[in-house]
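Student: So the sequence lines, in the order shown, correspond to chains H and L. Going by the working numbering, the first sequence wraps up at 345, each residue one higher than the last. Going by the working numbering, the second sequence wraps up at 321, each residue one higher than the last.
Mixed in with the good hints, there may be bad ones.
Here are the simulated DSS-like cross-link-like pairs (lysine-lysine), alpha carbons at most 27 Å apart as the crow flies [unchecked claim]:
id, chain 1, residue 1, chain 2, residue 2
1, H, 61, L, 144
2, L, 208, L, 220
3, H, 61, H, 125
4, L, 208, H, 82
5, H, 82, H, 61
6, H, 125, L, 220
7, L, 144, H, 82
8, L, 88, H, 61
9, L, 144, L, 88
10, L, 88, H, 82
11, L, 208, L, 144
12, H, 61, L, 220
In short, the hints are calculated from the structure, not lab data. Note that this is a predicted model, so its numbers are computed, not measured.
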Amino acid sequence: MADVVLEVEDLTVDFPTDDGIVHAVRGVNFTLERGQVLGIVGESGSGKSVTSLAIMRLLPKTARIGGAVRYDGRDILALPEKEMCQVRGREIAMIFQDPMTSLNPVYTIGWQLAEAVRAHHDVTKQEAWTRAVNLLELVGIPRARDRARNYPHEFSGGMRQRVVIAMAMANDPDVIIADEPTTALDVTVQAQILETLATAQAETRAAIVLITHDLGVVAGMADDVLVMYAGKPVEIGTVDEIYYHTRMPYTLGLLGSLPRLDAGGDERLTPIQGSPPSLINLPPGCPFSPRCPLSRAHCDEVEPDLRPVVGAAHLAACHYAEELSGDVVAAEVFEPTAADAGDVT
Amino acid sequence: MTEVRDDLPPPTAGAGHDPSPGGVQPGGPEREFTVEARSQLRMVVRRFMQHRLAVASLVVLVLVVIASLIGGRVWHFRFDAVGPDLSKPPSWKHPFGTDGIGHDTLAQVLHGAQKSVQVALLVAFVSTGFGTVLGAVAGYYGGKVDTLLMRFTDLVLSIPSIAFLAVLAAKVAHGSGNWLFIAFVLSALAWTYIARTVRATFLSLREKEFVEAARALGAKDRRIIFRHLLPNAVGPIIVSATIAVAVTILVETSLSYLGLGIQPPDTSLGLLISQNESAATTRPWLFYFPGLFIIIIALTVNFVGDGLRDAFDPTQTRVRA
Numbered sequence: 001m002a003d004v005v006l007e008v009e010d011l012t013v014d015f016p017t018d019d020g021i022v023h024a025v026r027g028v029n030f031t032l033e034r035g036q037v038l039g040i041v042g043e044s045g046s047g048k049s050v051t052s053l054a055i056m057r058l059l060p061k062t063a064r065i066g067g068a069v070r071y072d073g074r075d076i077l078a079l080p081e082k083e084m085c086q087v088r089g090r091e092i093a094m095i096f097q098d099p100m101t102s103l104n105p106v107y108t109i110g111w112q113l114a115e116a117v118r119a120h121h122d123v124t125k126q127e128a129w130t131r132a133v134n135l136l137e138l139v140g141i142p143r144a145r146d147r148a149r150n151y152p153h154e155f156s157g158g159m160r161q162r163v164v165i166a167m168a169m170a171n172d173p174d175v176i177i178a179d180e181p182t183t184a185l186d187v188t189v190q191a192q193i194l195e196t197l198a199t200a201q202a203e204t205r206a207a208i209v210l211i212t213h214d215l216g217v218v219a220g221m222a223d224d225v226l227v228m229y230a231g232k233p234v235e236i237g238t239v240d241e242i243y244y245h246t247r248m249p250y251t252l253g254l255l256g257s258l259p260r261l262d263a264g265g266d267e268r269l270t271p272i273q274g275s276p277p278s279l280i281n282l283p284p285g286c287p288f289s290p291r292c293p294l295s296r297a298h299c300d301e302v303e304p305d306l307r308p309v310v311g312a313a314h315l316a317a318c319h320y321a322e323e324l325s326g327d328v329v330a331a332e333v334f335e336p337t338a339a340d341a342g343d344v345t
Numbered sequence: 001m002t003e004v005r006d007d008l009p010p011p012t013a014g015a016g017h018d019p020s021p022g023g024v025q026p027g028g029p030e031r032e033f034t035v036e037a038r039s040q041l042r043m044v045v046r047r048f049m050q051h052r053l054a055v056a057s058l059v060v061l062v063l064v065v066i067a068s069l070i071g072g073r074v075w076h077f078r079f080d081a082v083g084p085d086l087s088k089p090p091s092w093k094h095p096f097g098t099d100g101i102g103h104d105t106l107a108q109v110l111h112g113a114q115k116s117v118q119v120a121l122l123v124a125f126v127s128t129g130f131g132t133v134l135g136a137v138a139g140y141y142g143g144k145v146d147t148l149l150m151r152f153t154d155l156v157l158s159i160p161s162i163a164f165l166a167v168l169a170a171k172v173a174h175g176s177g178n179w180l181f182i183a184f185v186l187s188a189l190a191w192t193y194i195a196r197t198v199r200a201t202f203l204s205l206r207e208k209e210f211v212e213a214a215r216a217l218g219a220k221d222r223r224i225i226f227r228h229l230l231p232n233a234v235g236p237i238i239v240s241a242t243i244a245v246a247v248t249i250l251v252e253t254s255l256s257y258l259g260l261g262i263q264p265p266d267t268s269l270g271l272l273i274s275q276n277e278s279a280a281t282t283r284p285w286l287f288y289f290p291g292l293f294i295i296i297i298a299l300t301v302n303f304v305g306d307g308l309r310d311a312f313d314p315t316q317t318r319v320r321a
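Using the sequences provided together with the hints, build the complete structure.
Tutor: This is the structure:
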């Protein structure tokens with residue numbers, strides 16, 4: 001693999017609570033090459049955000065982090081806090097979910113961007129301000145020079161998210177982690193924000209980790225996809241492999257619960273029954289087994305490991321991945337809900 | 001890093017006056033961003049100016065303070081000199097009247113106001129500064145640091161100020177310098193309320209996503225506390241500080257009444273009131289003029305604080321009458 005910038009190896013995160021230890025992340029592995037876009041998808045609580053916060057080392061002190069995160073060959077989990085401050089923002093930047101709260105309400109947009117620049121560069125205030133205005137222009141804020149003097153509350157949600165993206169670009173990082181960048185936004189704005197993100201990537205040539213639960217967002221942006229379930233990756237592959245040659249029932253279920261424009265519009269959505277397991281005291285076996293239509297007795301005994309299914313790069317964690325090799329669609333495996341079935345269309 | 005920088009227009013191009021659409025608003029000169037740091041201050045001043053009650057209060061307060069500072073030198077009676085006019089009601093010669101042994105009440109009130117304002121402002125500054133830093137650190141870090149600092153605060157809160165002063169007063173020599181001592185003791189007790197308020201504000205502020213965002217940009221704790229969080233806490237801090245001014249004047253009054261505050265021949269507004277309390281019905285000018293000054297100072301400080309708090313809040317757009 002040429003030019004790997006970020007390597008996550010066997011990352012685990014545990015939170016001790018009064019009810020027991022929550023195994024929020026149970027062994028995540030991935031590598032990120034320069035300029036690559038990796039989409040991480042999964043339900044709420046599958047450990048997507050915790051993974052990203054663990055990489056940034058922004059988790060609360062109570063969290064126990066295991067494994068290794070290597071940036072440029074250095075294990076940043078072992079860095080002292082002071083050096084970690086140099087990595088954050090400069091090498092690895094982060095875009096947060098809610099642009100409404102991720103900007104400081106008492107400072108102007110320009111001030112905050114200039115502050116981000118000055119955090120890692122020894123430049124004068126004026127130079128930082130110039131850079132801030134340029135960044136605003138890059139992310140498509142009209143009349144950037146005037147708008148830089150506005151406060152966050154004078155911006156719309158989409159504009160604020162552009163500002164947040166500009167802030168992530170400010171120090172020209174090698175990796176940008178975008179934690180659900182479009183979730184808090186209007187659907188009509190989402191596409192614009194993704195475009196802005198693409199601009200940011202073209203500008204900084206950074207690798208992007210795009211965390212989302214929106215498979216549509218991933219399909220449009222990502223090169224590779226990592227599907228997470230119950231704190232573990234269950235399928236990794238390129239976008240095409242994941243979408244068209246699915247080898248993991250969970251991924252199939254996710255795809256089946258989305259409406260498709262190219263299917264004539266009269267097929268039923270097939271939701272996945274039940275909800276994800278509690279991450280305290282996980283039973284042995286495959287965590288998806290209680291919700292899986294292909295589940296057998298063996299599934300409840302042994303948890304499947306990620307293994308290559310088609311090529312060397314397409315991995316899935318299912319004992320019976322080969323049963324999906326005919327590229328089945330979700331409706332063939334998952335049953336429509338009872339309510340849905342009684343529905344007259 | 002430099003690669004991307006090179007793609008961007010050089011600073012002069014971005015900073016210059018190249019005509020960008022809408023860059024120049026008709027009717028207003030284009031502002032240069034070299035004055036950015038000042039323009040934020042200017043905005044605060046402008047907002048404050050829109051708060052008419054606060055502006056009026058500021059004018060009155062400044063007049064009272066100036067009068068108390070230089071009035072004693074200009075006025076032709078000294079506050080500690082006695083004259084031949086005993087217990088005279090207000091007249092042109094003695095606008096505030098005189099007391100039973102011939103002190104000019106105006107001179108006394110001016111001098112008393114000077115001492116009261118000195119004590120109150122000093123207490124407000126010292127206790128706000130100390131309480132803010134302590135509360136900010138406790139609220140931001142939480143956990144053991146918070147427990148330690150807040151139990152210390154509780155300990156100080158449990159000290160009764162009057163008993164504390166009564167013990168200390170016996171140890172310290174009285175004289176013209178003792179207003180500093182009073183201010184010091186009052187500050188040592190007053191910061192607790194501000195520390196608790198600031199801690200509470202920080203507890204909620206530190207959970208905001210912009211704190212995490214700042215950390216994700218590589219900001220260190222000290223920078224987050226003082227650059228990112230403190231400006232968000234300006235509202236409660238200013239309110240606490242103005243309340244501290246008013247409360248200090250009143251506490252000083254009660255201390256003087258008990259004979260533990262400012263000692264004669266020096267005087268303060270509180271001392272004047274306690275000395276002349278029995279004259280309230282027969283020679284009301286002795287009692288009401290110092291009382292009026294206490295009310296004026298306490299009220300105007302509160303209104304000014306109110307205006308400042310609104311001025312520092314950028315989301316506040318309401319223009320008050």
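Student: For each hint, tell me whether it holds in the structure or not.
Tutor: Now for the hints, and whether the structure bears them out:
1. H:61 with L:144: OK: residue 61 of chain H and residue 144 of chain L at ~13 Å, within 27 Å.
2. L:208 with L:220: 16 Å, holds
3. H:61 with H:125: Not satisfied, since the Cα-Cα distance of roughly 34 Å exceeds 27 Å.
4. L:208 with H:82: 22 Å, holds
5. H:82 with H:61: 16 Å, holds
6. H:125 with L:220: 19 Å, holds
7. L:144 with H:82: 22 Å, holds
8. L:88 with H:61: Violated, at about 72 Å.
9. L:144 with L:88: Not OK: residue 144 of chain L and residue 88 of chain L at ~63 Å, beyond 27 Å, violated.
10. L:88 with H:82: 72 Å, violated
11. L:208 with L:144: 21 Å, holds
12. H:61 with L:220: Measuring from Cα to Cα gives roughly 16 Å; hence the hint holds.
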